[in-house]
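Trainee: Next come the chains, spelled out residue by residue.
Protein chains: 2
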Amino acid sequence: MAEPKENALMEKIVSLCKRRGFIYQSSEIYGGINGFWDYGPLGAELKRNVKELWWNTMTRQRDDVVGLEATIIMSPAIWKASGHVDTFSDPMIDCKMCKGRFRADQTGEIPCPQRPSKMVSECHSEKTAPRAFNLMFQTYVGPVQDESAIAYLRPETAQAIFAQFKNVLETSRQKVPFGIAQVGKAFRNEVTPRNYTFRSREFEQMELEFFIKPDEVVEAISGKVAKISDLTPNSQLPSANWGWEAWHKYWVEERIRFYEGIGLPRNTLVEYWQKPEELAHYARATVDILYKFPFSKRDEKGELAGEELEGIAARSDFDLSQHERFSGKLMGVFDEELRAAWSTLDEAKKAGLSKRYYEARLKYLNKTGVEPAKAEKEAKEDADGLAKGQYIPHVIEPSAGVDRLILALICNAYHEDTMPDEKGKLETRVVLKFHPRVAPIKVAVLPLLKNKPELVKKAQEVRDLLRPHLNVFYDDAGAIGRRYRRQDEAGTPFCVTIDFDTLGEKPEFKDTVTIRYRDDGKQERLAIDTLLNWLLPKIR
Amino acid sequence: MAEPKENALMEKIVSLCKRRGFIYQSSEIYGGINGFWDYGPLGAELKRNVKELWWNTMTRQRDDVVGLEATIIMSPAIWKASGHVDTFSDPMIDCKMCKGRFRADQTGEIPCPQRPSKMVSECHSEKTAPRAFNLMFQTYVGPVQDESAIAYLRPETAQAIFAQFKNVLETSRQKVPFGIAQVGKAFRNEVTPRNYTFRSREFEQMELEFFIKPDEVVEAISGKVAKISDLTPNSQLPSANWGWEAWHKYWVEERIRFYEGIGLPRNTLVEYWQKPEELAHYARATVDILYKFPFSKRDEKGELAGEELEGIAARSDFDLSQHERFSGKLMGVFDEELRAAWSTLDEAKKAGLSKRYYEARLKYLNKTGVEPAKAEKEAKEDADGLAKGQYIPHVIEPSAGVDRLILALICNAYHEDTMPDEKGKLETRVVLKFHPRVAPIKVAVLPLLKNKPELVKKAQEVRDLLRPHLNVFYDDAGAIGRRYRRQDEAGTPFCVTIDFDTLGEKPEFKDTVTIRYRDDGKQERLAIDTLLNWLLPKIR
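Residue numbers (the working numbering), protein chains in the order written: chain A, 204 to 743; chain B, 204 to 743.
Certain hints may be false.
Since the list gives no way to pick out one identical chain from another, each pair is judged satisfied if it fits inside one copy or across any two copies.
Claimed, not checked - When the alpha-carbon atoms are kept at most 20 Å apart in a straight line, the in silico EDC-like pairs for lysine to aspartate or glutamate are as follows:
1. LYS283 / GLU231
2. LYS321 / GLU448
3. LYS321 / GLU350
4. LYS660 / ASP267
5. LYS628 / ASP587
6. LYS302 / GLU350
7. LYS741 / GLU456
8. LYS388 / GLU359
9. LYS388 / GLU255
10. LYS626 / GLU463
11. LYS655 / ASP667
12. LYS660 / ASP266
13. LYS713 / ASP418
Since the hints were derived computationally from the structure, they do not count as laboratory data.
In this text the structure is predicted, and so the values were computed from the model without any measurement.
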């Protein structure tokens with residue numbers, strides 16, 4: 204449970220988010236709707252910046268990742284194949300007396316609706332046995348509402364990437380290893396939305412599925428698979444001899460670098476390697492990147508344990524295999540390099556690699572419930588495919604939640620300090636110390652006084668000079684100190700003030716402006732014609 | 204109905220979109236899902252560019268518009284207030300024999316499922332009377348599926364803007380006139396999705412709600428309201444004396460300018476002023492901006508009539524008034540300028556303006572079914588509010604469909620011509636002549652040969668030089684002529700080729716590259732160190 208001190212901090216953050224237009228409750232004028240949150244003007248810009256940085260880093264700055272933008276409603280068959288229809292559920296019980304419905308594993312924490320002083324577990328009314336409650340939102344597509352028209356809002360963006368894997372492969376001139384990236388909304392009918400925007404029912408994901416060669420294929424082509432211990436940390440450059448472990452480690456490092464690059468210091472993050480018993484049955488390894496939110500639980504040492512921002516999973520070939528089985532469409536690739544390499548291997552090597560590939564495929568097929576004889580036959584065919592250059596790619600999945608990241612950025616940016624006001628009197632200040640890359644507003648342009656047309660005219664010229672290149676906020680209302688404070692609360696890294704010196708009152712300062720730094724309030728003068736080139740490197 | 208020639212053109216466009224990874228059918232490996240489309244790597248980039256340009260033009264480049272990002276699922280009360288629960292429907296009939304369900308107004312066009320040679324209207328089986336079929340997708344939020352848990356996927360993004368109007372007003376430092384912009388998905392359970400991605404069930408909107416003062420308020424403050432005939436077309440700068448007509452015209456012009464700026468020539472667009480009998484009951488004027496799609500119907504003169512890309516509606520104060528009535532929360536604003544101006548008016552002027560405001564409010568209230576005496580009382584109170592500086596803003600709504608615009612851009616860009624291949628033989632070429640601003644890839648970087656490490660190294664240097672600033676595609680596979688053709692089909696405006704002259708084979712060309720223009724295939728040489736500054740202005 205969070206400490207009182209931290210609850211108080213979260214309350215301040217929530218209040219600031221509302222007050223400054225970062226986050227509002229959805230449908231607030233109608234009493235809200237539980238688990239849904241809107242982003243106001245500053246929040247929308249912050250979110251756009253983060254998504255744009257992710258997209259740019261993950262796709263545009265790389266040769267080996269392309270983008271996809273798929274629909275939220277897809278064929279329900281996709282969620283059969285992925286397992287979501289059958290297993291994406293929480294156990295629920297109903298109270299036969301009050302008709303309330305509760306998470307079976309939370310009855311000790313949920314007050315009884317009839318007697319709120321007691322928990323549901325303490326109430327003696329008869330309950331139903333626990334039943335699986337699917338977390339996917341369901342709807343009907345088309346004019347007839349019957350079984351055949353059922354569809355779901357996607358609970359994750361990943362499955363569309365798997366379903367379109369072959370289309371992308373065939374139209375994008377990519378070869379394995381390569382990735383497909385997607386940003387978009389997902390929906391989970393959480394029974395208990397909580398922790399502000401951290402666990403909500405409608406949220407946004409940024410997911411990469413990075414397809415790689417199975418280790419047997421890497422070994423056939425490169426002779427052997429790189430050992431993790433051979434890789435030097437910060438100088439990772441992808442190499443042909445990388446197997447899943449190296450790629451997985453690479454993406455963990457890449458993703459942490461991303462978070463550091465947008466202003467989350469390494470010591471606010473936790474790199475959590477899931478224990479074997481925590482792994483999904485198809486996962487070979489999963490690393491969760493946690494951020495130490497104020498509402499995080501504390502570990503035995505009293506440290507904030509952190510809550511998940513992103514999971515980076517090595518998912519083997521499970522996903523593509525499932526879609527191949529359910530759709531009847533081949534999801535494997537043909538790899539000329541493998542075919543050529545295979546023919547040069549000695550028989551012992553071929554047999555060894557085939558056996559390992561066979562065993563991995565058999566293990567997968569056995570789990571799916573295919574009957575043993577059929578599974579063995581299929582696994583053998585799959586292993587025989589290696590000689591023809593055929594295999595099903597494995598995948599590394601870095602999957603991040605946008606809304607959680609936004610909340611982490613705001614929590615991390617939130618500071619209170621004291622700073623002298625215009626009369627030199629110390630006052631408490633709230634400031635959001637965003638990295639300039641994500642800050643909603645990059646620079647505020649402020650004429651010293653509103654009622655001096657020369658100041659206003661000059662300030663508007665400065666605004667128009669900067670605006671094509673970065674997000675500018677123009678504000679001429681109120682005392683300059685108050686305007687600074689408002690920009691502090693918005694997280695604007697730089698304020699530019701146009702004063703009488705700008706107009707030439709002191710000739711040596713003509714056509715210069717005051718730059719005021721958000722973090723320490725220090726000021727310096729800069730020539731207007733150098734302003735843009737001074738600012739641009741600082742915000743990129 | 205579309206002409207055969209145009210159907211053939213659409214078929215080519217659809218085929219190119221699939222082949223090059225612009226658009227795929229959603230869930231294709233499972234047989235697809237009717238009315239849902241995915242964007243592949245090139246489509247996703249094209250769509251991002253368009254949305255980014257809209258957002259930038261509509262919000263970041265202006266002082267008077269801010270952004271919002273609201274949820275897709277909102278309180279169902281919002282759709283009661285907006286009228287969607289009661290009236291957003293098509294009339295449907297059921298066949299009691301075959302159980303088929305059909306749009307009552309399309310029975311003459313839909314084949315009978317039992318005897319497809321006949322239309323539904325020709326079948327004599329008994330049908331139900333037409334019933335309203337609501338086009339909103341419905342789901343349940345929370346663990347219990349009862350009436351109180353019903354929610355809808357938003358059928359438009361606009362209503363979230365109205366519902367959050369006061370929150371944005373209070374937190375953004377904006378004053379009327381100002382706008383709130385939003386980009387996001389919307390959903391309509393269309394009975395008959397058609398024309399490729401033009402009418403689909405899941406689509407994306409770019410909507411602005413621009414809030415303005417009622418004409419009576421403008422007149423109170425400015426003495427009189429600007430006449431449309433006084434405004435000069437292309438030199439519109441917003442002015443305090445603008446009423447709804449001037450603002451409406453302003454946004455029509457702005458939006459057409461936007462379309463021209465991303466490469467849709469004026470003669471491909473139609474500015475259609477809805478006739479009085481076509482207007483929604485609350486609308487004072489609506490202009491549809493149409494694009495002449497190949498599948499558009501033809502008018503009497505044989506000209507393509509065009510299909511709607513965007514509607515720009517003057518919606519009066521209907522939306523905010525509805526939400527005020529349904530939520531019980533005040534949606535009006537306080538306007539110090541009005542309060543101050545009002546006190547200086549003579550009594551006759553006050554009476555005249557009050558009367559007009561009263562009549563407009565009464566007209567609205569009478570339409571809502573409020574009982575006459577109550578309506579008169581409320582309208583009087585509203586009119587009395589003017590003296591206190593209070594009113595409900597009116598709104599101008601430019602509402603655009605992203606997917607339609609993407610399809611228009613692709614249709615407009617599609618060209619076939621002939622161009623000599625490397626041996627000088629003329630061949631047919633398919634080229635997408637996108638405006639560089641929207642083109643998914645801005646420049647392709649191509650080493651002449653893949654197997655010359657010096658060429659590859661130099662090409663990668665050029666790629667890395669450009670990549671931080673624009674979307675670059677690096678391609679080293681295949682004959683250079685074929686690579687050019689692939690970029691033509693992707694709509695890439697510029698190809699940069701690194702050849703032996705770049706390496707200094709002809710010393711005068713050392714460190715220069717070939718620039719090849721997509722539209723005419725012409726080439727010229729350019730120094731590498733001037734390349735970025737040469738490219739940047741051409742793609743912005």
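Trainee: Could you tell me which of the numbered hints above are not met by this structure, giving the numbers in increasing order?
Mentor: 2, 3, 5, 7, 10, 13
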